[in-house]
Structures are given as structure tokens and as C-alpha cells.
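Keeping their order, the protein sequence lines are chains A and B. 1 is the number of the first residue of the first sequence in full-length UniProt numbering; add one for each residue after it. 1 is the number of the first residue of the second sequence in full-length UniProt numbering; add one for each residue after it.
Check the hints yourself; a few may be wrong.
Same chains, same names: a pair is fine if it fits in one copy or spans any two.
To be verified - Below 25 Å or equal to it, Euclidean Cα-Cα: the simulated DSS-like pairs (lysine-lysine) are:
1. Lys172 to Lys237
2. Lys60 to Lys45
3. Lys356 to Lys60
4. Lys88 to Lys45
5. Lys97 to Lys208
6. Lys356 to Lys45
7. Lys51 to Lys149
8. Lys149 to Lys88
9. Lys60 to Lys172
10. Lys208 to Lys60
11. Lys356 to Lys237
12. Lys331 to Lys237
13. Lys97 to Lys141
14. Lys356 to Lys208
None of these hints come from the bench; they were simulated from the model.
Number of protein chains: 2
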Amino acid sequence: MSLVEPITIRFGIVGCAEIARKVSRAINLAPNAQIAAVASRSPEKAGAFAKANNVPAEAKIYGSYEPLLDDPDIDILHLPLPTSLHLKWATLAAQKKKHVLLEKPVAVTVAELDQILAACEANGVQFMDGTMWVHHPRTAKMREFLDDKRRFGELRTIQSCFTFAAPESFLKDDIRVKPDLDSLGALGDAGWYGVRAILWAADYHLPKTVVATPGSVTSDRGVILACGASLHWEDGKSATFHCSFLTHLTMFLTAIGTQGTLQLNDFIIPFQEHEASFSTSSRAGFDDQVTRWEPGPRQEVAGIDGVPQEVRLIEEMARLVGEIKVGGAGKVDREWGARSRKTQQVLNAVKESIEKGFVPVEIA
Amino acid sequence: MSLVEPITIRFGIVGCAEIARKVSRAINLAPNAQIAAVASRSPEKAGAFAKANNVPAEAKIYGSYEPLLDDPDIDILHLPLPTSLHLKWATLAAQKKKHVLLEKPVAVTVAELDQILAACEANGVQFMDGTMWVHHPRTAKMREFLDDKRRFGELRTIQSCFTFAAPESFLKDDIRVKPDLDSLGALGDAGWYGVRAILWAADYHLPKTVVATPGSVTSDRGVILACGASLHWEDGKSATFHCSFLTHLTMFLTAIGTQGTLQLNDFIIPFQEHEASFSTSSRAGFDDQVTRWEPGPRQEVAGIDGVPQEVRLIEEMARLVGEIKVGGAGKVDREWGARSRKTQQVLNAVKESIEKGFVPVEIA
Chain A
1 MSLVEPITIR
11 FGIVGCAEIA
21 RKVSRAINLA
31 PNAQIAAVAS
41 RSPEKAGAFA
51 KANNVPAEAK
61 IYGSYEPLLD
71 DPDIDILHLP
81 LPTSLHLKWA
91 TLAAQKKKHV
101 LLEKPVAVTV
111 AELDQILAAC
121 EANGVQFMDG
131 TMWVHHPRTA
141 KMREFLDDKR
151 RFGELRTIQS
161 CFTFAAPESF
171 LKDDIRVKPD
181 LDSLGALGDA
191 GWYGVRAILW
201 AADYHLPKTV
211 VATPGSVTSD
221 RGVILACGAS
231 LHWEDGKSAT
241 FHCSFLTHLT
251 MFLTAIGTQG
261 TLQLNDFIIP
271 FQEHEASFST
281 SSRAGFDDQV
291 TRWEPGPRQE
301 VAGIDGVPQE
311 VRLIEEMARL
321 VGEIKVGGAG
331 KVDREWGARS
341 RKTQQVLNAV
351 KESIEKGFVP
361 VEIA
Chain B
1 MSLVEPITIR
11 FGIVGCAEIA
21 RKVSRAINLA
31 PNAQIAAVAS
41 RSPEKAGAFA
51 KANNVPAEAK
61 IYGSYEPLLD
71 DPDIDILHLP
81 LPTSLHLKWA
91 TLAAQKKKHV
101 LLEKPVAVTV
111 AELDQILAAC
121 EANGVQFMDG
131 TMWVHHPRTA
141 KMREFLDDKR
151 RFGELRTIQS
161 CFTFAAPESF
171 LKDDIRVKPD
181 LDSLGALGDA
191 GWYGVRAILW
201 AADYHLPKTV
211 VATPGSVTSD
221 RGVILACGAS
231 LHWEDGKSAT
241 FHCSFLTHLT
251 MFLTAIGTQG
261 TLQLNDFIIP
271 FQEHEASFST
281 SSRAGFDDQV
291 TRWEPGPRQE
301 VAGIDGVPQE
311 VRLIEEMARL
321 VGEIKVGGAG
331 KVDREWGARS
341 RKTQQVLNAV
351 KESIEKGFVP
361 VEIA
């Protein structure tokens with residue numbers, strides 16, 4: 001719980017990407033946040049975005065990014081820019097003492113991310129990436145299950161998948177398939193979620209080795225369109241994930257322990273917004289004749305109390321920034337940056353493994 | 001549909017393994033089958049099994065296997081023996097003109113299976129392996145979905161998993177962890193189902209290459225306790241599976257096409273016996289704000305009309321044998337042997353890949 005009175009934290013949106021629409025709605029819905037400015041590469045574009053997304057009339061409209069970064073009335077910048085631009089703009093934002101909400105993948109390389117995180121650290125600003133599902137109340141409930149030694153035991157293996165069939169126009173023109181804008185392609189976009197889910201399940205312990213699965217698909221421009229990998233921990237734990245722009249919308253997360261299993265098929269975007277569920281199974285076996293499960297799995301439901309996961313992300317970011325505004329840079333929560341960095345480390349190792357011909361790559 | 005009047009086909013059970021209990025119940029329940037004999041390594045053991053499993057009083061009880069194989073009143077032999085004994089007994093059974101219902105894994109190597117299949121072919125007897133789930137009405141309904149170009153599109157990737165936490169006693173003494181009895185271990189037992197499910201989804205088209213996933217676990221006696229692999233087809237399709245004796249009971253099958261997705265978490269043994277379900281999703285996306293699925297997946301239910309999957313296996317085997325008894329060896333359905341063989345080919349390739357250090361292995 002916050003020790004300070006809730007104050008309204010002012011967000012600036014840098015660039016009007018598709019995801020910014022969802023984040024704008026979330027800022028509008030969060031009680032401790034407001035959209036105070038929108039910047040795009042032209043004032044018309046920024047104005048049209050503001051109008052279409054219920055941005056408050058008093059919000060400032062900028063026709064370029066720089067003046068927004070210089071605006072002293074802005075606390076947090078949401079940066080939904082192409083990945084290759086993150087280094088420049090996130091670093092600059094931190095230098096301008098703006099807290100940074102950065103879309104995923106957070107950088108092209110770990111080295112780039114390290115520069116961003118160093119800038120945030122040096123300037124006492126909060127960093128958080130835009131992964132929304134980790135803020136859903138369901139995620140906390142799933143965490144309780146995984147932490148329950150009696151019901152789940154020790155984590156042994158995790159499988160994850162996120163694919164969607166991108167339309168022709170996406171495969172031709174989307175920033176996520178352009179090598180100069182987002183060379184990680186499906187690995188950085190869809191794969192981010194699978195890797196993040198695996199690390200989340202593994203309590204953010206990094207694997208020792210990563211091996212890409214043969215058969216990854218790379219576009220003629222050198223951007224990954226589909227791939228997968230297995231991850232291996234020193235204690236024998238393992239995980240696999242698959243991601244793709246080329247097959248039908250599918251997601252799943254399965255975490256298996258010595259005593260229990262967690263399964264769900266909508267971990268990133270829940271099937272319904274108002275509530276979400278997941279399946280747990282503990283100490284399951286079969287009946288005497290092996291004709292049915294005993295006990296069967298149970299479906300556990302988590303409501304959102306009217307607050308969708310992306311609103312919770314905004315609330316949490318605004319809460320942290322509120323604490324920092326009152327308590328100073330000592331209140332910065334470095335865990336969020338550390339989680340982003342581990343995700344990025346695994347993504348980069350997978351890319352290296354693909355490039356080297358699906359060989360094992362050690363994680364430093 | 002059968003062209004001949006249903007006749008009662010007589011089963012002999014060779015060995016009283018755990019799985020024989022389930023098969024005995026199925027034979028008792030199948031309208032066109034009956035248990036006509038039980039053989040074990042002692043008459044006491046065979047008698048006790050018969051008593052405990054409602055074997056009809058008129059069934060013969062044998063204290064060794066050979067006389068059952070010579071019994072002219074038996075049509076089909078169910079062979080739930082340790083895998084390393086399959087070659088000897090299945091070949092002998094065929095030579096004695098007995099139709100062969102062989103438990104999985106059907107052999108230690110493809111070469112052994114080929115000898116078994118050759119013996120069946122030479123003697124005009126039907127071969128079928130004991131995989132039960134493929135006979136569930138749900139499987140036919142799932143097949144319709146996968147074959148539906150509009151709802152599912154083209155198959156692109158499959159993921160499968162079957163694990164269970166074997167108790168200490170199993171890991172010490174079960175035939176499935178003894179190198180002389182079943183050197184394939186978890187790969188042959190749990191992995192059989194994952195591989196079979198993948199091949200089923202791929203319409204039994206064999207992959208070109210198989211690569212075992214690093215991190216497989218082998219017992220100090222050299223038996224596989226946990227492993228996984230990826231499978232790769234020439235057309236770019238891919239699949240992964242994981243199997244283990246060391247983690248909690250879990251199973252799933254996900255098949256993803258260009259237009260749709262099939263998912264279920266109980267494909268081998270349904271959660272409930274009387275009906276089973278699976279999830280399908282077609283041309284799914286998200287709502288405008290990307291906060292929920294549109295359309296969401298649907299749960300499709302398949303009842304069993306009172307006939308469990310293992311009873312359907314027995315019925316189908318008895319039906320085929322009935323046709324052969326009337327119509328001769330020309331009526332033998334070789335598809336069942338071909339499916340077993342493909343499964344065995346993949347299993348053996350995975351084992352070879354593990355033994356060679358997780359290198360790609362081509363499937364001949």
C-alpha cells in the first residue's frame with residue numbers, strides 16, 4: 001500500500017502507435033493517472049489521436065517528440081515506438097527526468113537496454129515495460145498456486161506458446177517485420193510473452209542455456225517470423241516456447257511441478273475482460289481402471305473488480321512514481337527493469353542460437 | 001460398416017499386466033468380443049487375475065503362454081508384455097494364426113516391429129496396437145475440425161505433452177524402467193502418446209527430421225525418464241513433444257493451423273468417462289481495444305453413448321477380425337500397423353538423437 005496520499009500522475013504519450021490506444025484508455029480509466037500530453041510526428045496526427053482516444057481537452061498536443069520530453073508538467077512518458085528507436089528516446093526521456101513506460105521488446109539488444117536502464121538509474125526515474133498480463137489479479141492468484149509446495153511442489157517444466165496469423169499487410173508493412181525498426185520480429189513481439197511467462201513461472205531465475213528449435217522462419221529481409229527454443233536451468237528445470245506471426249491466434253502456458261500443474265490458454269489477453277480463469281491440478285491420478293482422472297483439474301476464476309489488467313499496470317506505474325515524487329529516487333523499484341532485462345537476455349540468446357545454427361547458447 | 005453378421009470374437013490374454021485389467025473390462029463390455037482364455041506364468045496367477053477381472057467362468061486358464069498360443073479356439077491375443085518380449089511373442093502369435101493386439105510401445109526398435117508386421121502379413125492376421133484414445137468418438141470429431149479448411153486451414157504446428165509423477169516404487173521396479181525389459185522408458189511409454197498424437201494431427205505424414213531437446217533425463221541404468229523433441233516436416237510444419245515420469249500428471253495437445261486451433265488437456269484419458277470435450281478456435285482475433293478475444297474459443301463435447309474408448313478399440317479389432325474370418329486375409333487392414341510403425345520410427349529417431357548428443361536425425 002502507498003504511504004502517501006494518491007496524487008494524479010501525468011502521462012505523456014510519445015508516438016501514436018496502435019498499442020497507445022489501449023494504453024490511453026487505461027490511463028483515462030486509472031484513478032491516479034491522466035493523459036497530459038500527446039506527441040506525434042505532426043500536430044495533426046497527434047490531434048487526431050487525442051480526439052479518437054478521449055484524451056482530455058486540456059492535454060497538450062505536440063507535433064514532434066522533443067518538446068514533450070522538455071515539458072516540465074509531465075511525469076511519465078509512454079514510449080510505443082519501434083524497437084530500434086527505444087535506445088535514443090528512452091535514454092533521452094530519463095535524462096529529462098521523465099519516468100519511462102517502455103513497450104516491448106524493450107530494446108534490440110541487452111547492451112542497448114543496459115544503456116536505457118543506466119540512464120534511468122542515473123536520473124532516479126522509474127522504468128517499467130508494457131507487459132500487461134503480469135498485472136492481472138489472475139497472475140497473482142496463479143503465483144500463489146505455483147508457490148504452494150503442497151499443491152504444486154517444485155517447478156520442473158514450463159511450456160508456452162503465442163502465435164497469431166498476421167495479415168498480408170502486416171507481413172509487408174508492419175514495423176515488427178522491418179529489419180531497421182524491429183529486427184527481432186516475432187521473437188521480440190510474440191516471443192516476448194512466452195519468454196516472460198516462463199521467467200515469471202521460474203520466479204525470474206535465469207536459465208543457464210538456451211537452444212533455438214530448428215525450423216525457425218526468417219523473412220527475406222532477415223526478420224524472424226516464427227521460432228521456438230528450449231531453456232535449461234542448472235537444477236534440471238526446462239522450458240520450451242514457440243512464437244509465430246504465421247499461424248492462427250493461439251496462446252498457452254503450462255507449468256508443471258512435482259505435485260501439480262497450471263494450465264491456461266489466454267494468459268496474455270484473457271478471453272473475457274471482466275474475469276479470467278486458469279486450470280489447476282494437484283496430485284492427480286486416474287481411477288482404479290484408468291478410465292478417468294481422480295481428482296480432475298479445477299477451474300479457478302479471478303475477477304478484475306472493474307479494473308482491467310492494463311489499468312492495473314498504469315495504476316502501479318503511477319503509484320511508484322507518486323512514491324518517488326514524495327520520497328525521492330530511493331523509492332525507485334529496480335525489479336521491473338531487472339525482469340525486462342532477463343527477458344531481453346533470453347530473447348537475445350535465442351536469436352544468437354538461431355544465427356549460429358541452433359546451437360546451445362549460454363546465458364551470461 | 002460391417003458387411004457380415006456380427007460374430008463374437010474370442011480374446012486370449014497373454015500375461016496379467018496392469019493394463020490387461022482395463023482391456024479385460026473392455027472385452028467384457030464389447031458386444032462382439034469375449035475373453036476366452038487367460039495365460040500367466042503360473043495357473044494361480046492366471047486364475048487370480050480371471051477372478052479379479054470378471055473373466056467368464058468358461059474361459060480357459062493357462063499357467064504358461066505357449067498352450068494359449070496353440071489353442072485353436074482363440075482368435076485374438078492381447079499382449080501386454082514388457083516391450084523387449086514383444087518380438088518373440090507377437091511373432092509367434094502371428095505364426096500360430098492369432099490376430100495380434102499389441103501394447104505400446106510395440107517394439108524396442110523399428111527392425112523388431114518390422115519382423116512382427118512381416119509375421120502378421122505372412123500369416124494373414126490383423127495387427128493393432130493398444131492406443132485407446134484414437135478410438136474415442138471425440139477423436140473423430142477433432143479430425144473433422146482439422147480437416148475443415150475453412151475452420152482450421154492448413155496445419156502448421158503441433159505441441160504435445162504427457163507426463164506423470166511415477167512413485168518411488170515405479171522408478172525402482174516397474175518394467176518400464178528396466179533396461180532389459182523396456183529400454184525406451186518414458187519415451188516409449190508416455191512419449192508414445194505425444195508422438196502418436198502429433199502424427200495423428202499430421203494425418204500420419206512422417207516428419208523429415210527429428211531433434212531431441214537437450215536436458216533429457218536418463219536413469220543410472222540407462223533408461224529414459226524424461227525427454228522431448230522437435231519434429232520437422234519438409235513443408236515447414238513443425239511439432240514438439242515432452243514426456244516424463246518425473247513430473248505431475250499433465251497432458252495436452254495443441255494443433256495450430258493457418259485459420260484455427262485445436263486444444264485439449266486430456267487427450268489420452270478423458271477427465272470423465274461418459275463424455276469428453278475439446279476446444280476449437282477459428283479466425284480468432286481481439287476486439288478493437290485488444291482487451292478480449294473475438295470470437296472466443298468454443299468447447300465441443302463428444303459423448304460416448306455408453307461405449308468407452310477402450311471398448312471401441314476392442315470392438316474395432318473384433319470387427320476387423322470378424323471380416324477376415326469371413327472374407328479372408330484380403331480383409332486385413334494394414335493401416336493400423338503402418339501407424340504403429342510411423343510412431344515407432346519417430347520414437348527411435350528421438351532415442352538416436354539423444355544418444356548422439358541431440359543432433360538432428362533424418363527419418364528414412
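Item to check | Hints that the structure is at odds with (numbers, increasing) | outcome: 3, 5, 6, 7, 8, 9, 10, 12, 13
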